[in-house]
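Sequential numbering of the sequence shown, starting at 1, is according to this note's numbering.
Quick caveat, the hints were computed from the structure, so don't treat them as lab data.
Here the structure is a predicted model, which is why all the values come from computation and not from measurement.
By construction, the Cβ of each residue, glycine as well, lies at the ideal position given by its N, Cα and C atoms.
Hints may contain errors.
[Said to hold, decoys possible] No farther apart than 30 Å at their CA atoms in a straight line, the calculated lysine-lysine pairs in the DSS-like style are these: (1) 339 x 66; (2) 89 x 149; (3) 239 x 339; (4) 156 x 66; (5) 367 x 421; (6) 66 x 421; (7) 89 x 151; (8) 89 x 156; (9) 89 x 66; (10) 66 x 151; (11) 421 x 239; (12) 367 x 339; (13) 149 x 66.
[What the hints assert, rightly or not] Derived CB-CB ranges, DEER-like: (14) 111 x 376: 32 to 38 Å; (15) 436 x 273: 16 to 22 Å; (16) 426 x 376: 19 to 25 Å; (17) 264 x 103: 45 to 51 Å.
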Amino acid sequence: MISTATTGTMAVDWEARTDFDRLRNERLGRLRAQLEASDLGAVLAFDFSNIRYMTATHIGTWAMDKLIRFSLLTRNSDPISWDFGSAAKHHRLHNPWLNETHSEMDADPHAPHHGATRPRAESGARAGISTLRGAFHPDAGIADEVAAKIKRELEKFGLLNEPLGVDVIELPIMFALQRAGITVVDGQQVFMEARRVKTQDEITLLTQSASMVDAAYENLYEFLRPGVRENETVGLVAKTLYDLGSEYVEGVNAISGERCSPHPHVYSDRIIRPGDPAFFDILHSFNGYRTCYYRTFAVGSASRAQRDAYVRAREYMDNAIALVRPGATTADIVAVWPKAEEFGFPDEEAAFALQYGHGVGLSIWEKPIFSRLVSFDHPEVLEAGMVFALETYWPSADGIGAARIEEEVVVTENGCEVITKFPAEDLLVAGGNRYFTINGPLNPLRSSQSHLNRPGA
1 MISTATTGTM AVDWEARTDF DRLRNERLGR LRAQLEASDL GAVLAFDFSN IRYMTATHIG
61 TWAMDKLIRF SLLTRNSDPI SWDFGSAAKH HRLHNPWLNE THSEMDADPH APHHGATRPR
121 AESGARAGIS TLRGAFHPDA GIADEVAAKI KRELEKFGLL NEPLGVDVIE LPIMFALQRA
181 GITVVDGQQV FMEARRVKTQ DEITLLTQSA SMVDAAYENL YEFLRPGVRE NETVGLVAKT
241 LYDLGSEYVE GVNAISGERC SPHPHVYSDR IIRPGDPAFF DILHSFNGYR TCYYRTFAVG
301 SASRAQRDAY VRAREYMDNA IALVRPGATT ADIVAVWPKA EEFGFPDEEA AFALQYGHGV
361 GLSIWEKPIF SRLVSFDHPE VLEAGMVFAL ETYWPSADGI GAARIEEEVV VTENGCEVIT
421 KFPAEDLLVA GGNRYFTING PLNPLRSSQS HLNRPGA
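Construct all of the structure, not just a fragment, from the sequences and the given hints.
Next up, the structure:
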């Protein structure tokens, strides 16, 4: 039975919470199963999230864009991780799973063992760096050193003549691997397929991560009012999440007023004005597991056009969620969403990511993908244990604003459960009940153009 229950964020001795040993073992088991089902001899990861999925190592999000760390999993060995020397030393001391193996060829033949786990002949935590995205001088030979490290392991485990799958790679590294006689092929699908369906512990962490955004939206709703700037809301959300234990606030997409349509996908220093629409996307990581979570507000009051846009976006969302169950396909979902031409775009590529869905895990935009651009021709079948976000968008008829809603769902045995809990069934007015006229509270359903609110206008 899949559970979306949440607990506290710490480990305790009196309650079963996330089992991190089980999390590591099940992730590696799924990756190994995908490797064995492929025609590859090994997979090499430079992507930060794939390294974490494979090795359960983490050295801080500052390293996410460096492509300097790399990890290898072969058919005949457990993972080997190359990292900054000090980090590798830390891994040997504090990541004992890198010093153990389940593979005969990887084990220390002289060491005693218990069950299937044996001490390794060599630790899986090793010093080694890549080219730092070209920052090292090409003549320093760093790329060839990386290739030599990989070739040594492939030879050791009898896999040098088998294809090596790589997720992402710098060209100097790829060329060096090829000069070393290694056949380099695309390995992304091995990782993506392993990560497609989540384990129970992954679902627990994803739900916990979403609950932290619930709290951030509560604080944002209380703070949001005319006169604050978009960047101030970003700071408030980031502080809330870090105070709650987030390891990384990837982004807060704060969009208000006329900036809502078309959606620019980046916040600014714009001052939020009375009657503005404002929508936000909050992306952060808790123990590696991410969120992608939009909400839309009206600030002070909402125009009828903004209310109508929200109703439309919500209708598309609810129709999609109603179809989510094992056996349904991504094509079934996107069929209830509007065509690009219906909301002002010439084709599906131009409207990409507005009516959209994507898997959420150690990164956002995992499998499965929901889009009218690809899902009709390449439908994906939904399975219990998948976790994904569904996003809808609708511009307001007055050309000023738009509504953006996103819900994260877990596919259960019989349907799905929504894990993004901040209220979104109706358009919320933030900073409301602040204005009083001689006739009583100002109507929250009004145009920001005052003259349009007279009777009969």
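Hints and how they fare:
1. 339 x 66: violated (38 Å)
2. 89 x 149: holds (18 Å)
3. 239 x 339: The hint is violated at about 38 Å.
4. 156 x 66: holds (28 Å)
5. 367 x 421: OK: residue 367 and residue 421 at ~23 Å, within 30 Å.
6. 66 x 421: Measuring from Cα to Cα gives roughly 35 Å; hence the hint is violated.
7. 89 x 151: Since the Cα atoms of residue 89 and residue 151 sit roughly 23 Å apart, the hinted pair holds (cutoff 30 Å).
8. 89 x 156: holds (23 Å)
9. 89 x 66: At roughly 20 Å apart (the allowed maximum being 30 Å), residue 66 and residue 89 satisfy the hint.
10. 66 x 151: holds (22 Å)
11. 421 x 239: holds (20 Å)
12. 367 x 339: holds (22 Å)
13. 149 x 66: Holds - the C-alpha atoms of residue 66 and residue 149 are around 19 Å apart, at most 30 Å.
14. 111 x 376: 32 to 38 Å: violated (55 Å)
15. 436 x 273: 16 to 22 Å: holds (19 Å)
16. 426 x 376: 19 to 25 Å: Check failed, 32 Å falls outside 19 to 25 Å.
17. 264 x 103: 45 to 51 Å: At 50 Å between Cβs, range holds.
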